[in-house]
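Trainee: Protein chains in written order, with our numbering: chain A, 4 to 330; chain B, 4 to 330; chain C, 279 to 632; chain D, 279 to 632.
Simulated from the structure, these hints should not be mistaken for lab results.
Fair warning: there could be bad hints in the mix.
What the hints assert, rightly or not - With a cut-off of at most 30 Å between alpha-carbon atoms, the simulated BS3-like pairs for lysine-lysine come out as follows:
#1 B/LYS42 with D/LYS438
#2 D/LYS438 with A/LYS42
#3 C/LYS328 with B/LYS42
#4 A/LYS42 with A/LYS257
#5 B/LYS42 with B/LYS257
#6 C/LYS438 with A/LYS42
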Amino acid sequence: MAELTYRSAVAAAIAQEMENDPDVVFLGEDVAGAGGVFKTTGGLLSQFGPVRVRDTPISEQAILGAAMGAAMTGLRPIAEIMFSDFLAVCWDIVANEIAKSRYMTAGQMSFPLVVRTANGGGSRFGAQHSQSVENWAMAVPGLKVVAPSTAADVIGLLAAAVRDPDPVVFFEHKSCYPMKFELPDTPGDLVGRLGEARVVREGGDVTIVALALMVHRALDAAEQLAAEGIDAEVIDVRSLVPLDTRTILASVAKTSRLFTVEENPRLCGWGAEIASIVAEEAFWDLDGPIGRITTPHVPLPAAGTLEDITIPSVERVVTTIREAVQA
Amino acid sequence: MAELTYRSAVAAAIAQEMENDPDVVFLGEDVAGAGGVFKTTGGLLSQFGPVRVRDTPISEQAILGAAMGAAMTGLRPIAEIMFSDFLAVCWDIVANEIAKSRYMTAGQMSFPLVVRTANGGGSRFGAQHSQSVENWAMAVPGLKVVAPSTAADVIGLLAAAVRDPDPVVFFEHKSCYPMKFELPDTPGDLVGRLGEARVVREGGDVTIVALALMVHRALDAAEQLAAEGIDAEVIDVRSLVPLDTRTILASVAKTSRLFTVEENPRLCGWGAEIASIVAEEAFWDLDGPIGRITTPHVPLPAAGTLEDITIPSVERVVTTIREAVQA
Amino acid sequence: MTTMPAHDEYGSHEPVLPGPVDHSNAELPIELPVRLQMYRMQQEIRLFSKRAHDLFLQGLVNGTSHLSAGQEAVAAGFAAAMRPDDWTFATYRGHAHTLARGVGMGPIMAELLGRANGLLGGKGGSMHLTSVEHGMMGSYAIIGAHLCVANGAAWTSQVKGTGQVAVAFFGDGTTNIGAFHEALNFAKVWNLPTVFVCENNLYMEYTPIAQATAVPNPAADRAAAYGLESMIVDGNDADAVLVAARDALARARDGGGPSLIEAQTYRHGGHSRADPGTYRPDEEVQAWLERDPIPMYHQRLLQLGVDESELARIVTETTEQVDLATQEAVAGTMPAPESVLQDVWADGSSTWRN
Amino acid sequence: MTTMPAHDEYGSHEPVLPGPVDHSNAELPIELPVRLQMYRMQQEIRLFSKRAHDLFLQGLVNGTSHLSAGQEAVAAGFAAAMRPDDWTFATYRGHAHTLARGVGMGPIMAELLGRANGLLGGKGGSMHLTSVEHGMMGSYAIIGAHLCVANGAAWTSQVKGTGQVAVAFFGDGTTNIGAFHEALNFAKVWNLPTVFVCENNLYMEYTPIAQATAVPNPAADRAAAYGLESMIVDGNDADAVLVAARDALARARDGGGPSLIEAQTYRHGGHSRADPGTYRPDEEVQAWLERDPIPMYHQRLLQLGVDESELARIVTETTEQVDLATQEAVAGTMPAPESVLQDVWADGSSTWRN
Ligand SMILES: Cc1ncc(C[n+]2csc(CCOP(=O)(O)OP(=O)(O)O)c2C)c(N)n1
Ligand SMILES: Cc1ncc(C[n+]2csc(CCOP(=O)(O)OP(=O)(O)O)c2C)c(N)n1
Ligand SMILES: [Mg+2]
Ligand SMILES: [Mg+2]
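Chain A on its own, in the form it takes in the complex:
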């Protein structure tokens, strides 16, 4: 079994896909010559050359517009938006153009493209460089939305995203970049499937649904809860669109209690969506209120001490669930 950081998995995945398919191209700011500001894309320029790996001006609309136009004419672009917060400067291309054009043209066009972006907090970068905006993308019909929590999923799901015929927004978590993970020893390409959640810990008392960095916190919380006699099942959603509701509903059918752990601000997140689905479709399975553990509905503060109490912590997950279960 090889060990790999989440960071290195990014270039590994892109390289795998560029080798697999000559139509795969990659563009973004400082991604080629400099190897990316998060050092996620080093080596790709020298391996694949400047025709396929290309630096851009600071022009996010131009970047995603280029990806879109290339995708509709036969390439399979991967575009990097350096921080997910910057999706706001090109949101029109994402939400109004890429997401809708297949539908508006009655299926005449396909958009096999991936928008990779660094998401999430923990780096003390403040409110404009730390957001978790996966719910922005989830709210727009026509986008697939993926957020891996491990290096293996970075490779497998990025490969799946590149091979998918539809546009995928791929949220890498900044705080996961330095984490090390073991990779399965599979021969050939590592390719996952979009739309499959993963039960990362089985348990019978409560279901915890989490995403990206929060998966690791949920797992730690589950260990602590186990020591207190609360046996939590932890689900890594991985893919928000398509959403594996089956796995979630099956778990709730078993545990009768649902908690979501979200890094995004409180209102209208994916946790609310999952909670609502369960409140509609598994209402009779539930033995108690559904709890959402989220960042409060505030921008993220910069100071480390403040950021740490804003984003859900292991302790907050444990306390919230303990209190809810004991209520």
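Based on these hints, arrange chains B, C and D with the ligands on the given structure of chain A.
Mentor: What follows is chains B, C and D with the ligands alone, placed relative to chain A:
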């Protein structure tokens, strides 16, 4: 009692506020000379002159940037973004700048500004001119979000928004513009309050929460349901942020059933937020699953026949609630 | 003390008048069949537009529409110069370009009427006309984006070495949005085969472009900011457009990079079907109606020795085409309800969960 | 067949060397006290930056930071020219401008360390320094937006007739984003008292600006696109900057509208604290280090008859200031947890429901 269209209420509200406070200014594309493409702002230029009512280039980032910079230095701008879909081209200014700057500066700056925009479907304009994107704004901490359903609320809530010291995104519904409403005979300015939902129909069997155009459909549906013996309480949320959860929770405590009627696409809408709040805080009040009636998670089609079956109809509301209650 | 610039009252601004027809364009080296083709295209666009307007008055048109009467020469000149596998990117005002690329009138008309046999099955409507098989790569209804998208197609051509060119058409008002700037700079830096064509019809929706723009020629005066040559062409003269288009396309195809062309023209009607266009000075409207590209071109062809009867035949044929298309559209059924849930994804579905 | 432009390998591009110092600037009509003030400002920025870097190496700095060593003359020259009630809009690389507007070093340093006594109580951090009472109207960390925001402040000045000017500072890389274009055109069309100042330090983050820009001078070569004069100034010479700033500010105050100034300069360090800056050719770094604005200005003041001891005193005083600020910052407590939930709204709360 005066009668007024929702459309005319817009200019009436702006005029009221411009008379009330010389710092109120108004800008947007085709709003001054031409009186607005929805004919909502006619007469303001001649009444208040070109210093306070001003046309702009097609530059939405510049428009909202100007509103933001003016607000922080002492004006109270009202900016029009012609269609709410176009918020995507200036989303950075809305979501990253206007929403966060007060917090990031520890309260040094205030942003007393209003972004008015035409929201919603029904005009057969297709997927890029018909969206309901109030949930985009609701998901961003630091924005207040309002969507009136009547002419009186256009005036009262727009006045409240202009006088509010915080940024408000004000969603006018395109399909409401031609509707006529009676205005209360109040002396002086008509000024409402943000954060107050309105019970527009009392009922004891089910609670229906709706917004903007959907309020009218929910009311019609409630009449039909009443004829079938189901007595629905209908709540017009009016303000998504601040959100009047008290009125909603009180109603659910009484009726034990909740249905939301949303025009926005299915995932992560305000309906999911309200459903989740109720599933957490009023779980023990509920006698059955929470139902969300939404537009399916697709872009909006252009053809009238298709658009009409996509956006929730009176019939769909009636059928969904009838079936749920009888289940 | 800072001061404000003067503000024009509604419709009271100075009229902007067209220059004279440049009759020497008759001598441009253009093959007669190409000229006849451009004449036909212009008539097709004009007669189709008229019919669309009539059907609107009859209450048959679904939603809004933005016609191009007066601007036909731009669409015709470019389409005649383009290779069949070149790509067109248009705005909501895209009927002209869609027709010029050879898309059938029937499916377009049916789309305007929201029918199942519409070009987009009724799902896109007037503002989103697209026909990939004709290289008509979409009509985009939010200002600016498609200039960036056109670059992407041009990038494909560059990577694959196919020699295809992407042509993006847009209005004068569009030169003031951020995406315009990003697209132009990007195209130049990447040396992309993209041709940017500004159809300067002097107005945004209702506001004169001069009131919203820092320079007199909204596109041409910006060319240098992208290392490009400043080019203005008479957008009411198909011959002038054709020659400029051929130049720019050849340059792009040969690796010479992008071009930016400003075509000066005028729309005869209002901005969209809801707009009577009364904000325009009468004198200005009048002068431009007299500078109508179609009668001018008719005269030129006669002068070049084409027989009046040949031109009359083209008009007759085109009218028949429009009649047929109208019948086809009106006879169309309404789209099937299930189509609402189709084609979000490449598998044909809109399924977002299991 | 279309072709691609050549691609420079990492750090292998042609060095861009500075021009010689223009010694005749010593003769510019600048009052000596102003010159001494600019010298002090530059030293303040330099010495503060050095200390911030040291504290970073000690692991005390919270998050990222972007220093301005090498670019001090731009901040000093402008701040010395501005009226106290003029407004500054800066980027994440905003320490220099914040100091230059007179904001205390202690609160800035404490903010970098994430302390309760920080300028923003620890909530904004290095990239968002703001002090409204000093006219420091924010540091903006997403490229482009603040150019548009500056126009808004300028609009307030215009409406209220106060004569205040808004000055927006930004980098060369920022000239390629859409908001730049919208802001410049808007400012000109509305005739706003906004001064746009591009600090061209030759690089975006790690990519040379020449690889990303269609014109050699990213700001100056775009001025004409907005009806503005093209202006390049030596950004390493505070005197040159001051004179250009005074001109532009006076024009804006007198109703002459916006200006766009490109100041050519260089950052001595990497883009941010995480970056060693190795992508830059050695020869280039060396040449610009030799063109350091501070020793050059030191020489000029000596040449103008200022005593070495007076300059030494300024350095000593400034060093003391930096020491004090460091003590103040290090002694600061961590912010109170409840501040997380404060100041979303003007009522001081973050309450979104009842
Ligand atoms: C981003 C954006 N802002 C505003 C609009 C509304 N709008 C539609 S057409 C138009 C005027 C466009 O003018 P121009 O570019 O000159 O094109 P023309 O309609 O004259 O062909 C405007 C403002 C839009 N569609 N998109
Ligand atoms: C919209 C946006 N895109 C990308 C970034 C990431 N980024 C931060 S600084 C920077 C380089 C900016 O270069 P320049 O404008 O020259 O300013 P400098 O850092 O040289 O002062 C980039 C790309 C950003 N902050 N915002
Ligand atoms: Mg126009
Ligand atoms: Mg720079």
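Trainee: In ascending order, which of the hints set out earlier in this document are inconsistent with the structure?
Mentor: 2, 4, 5
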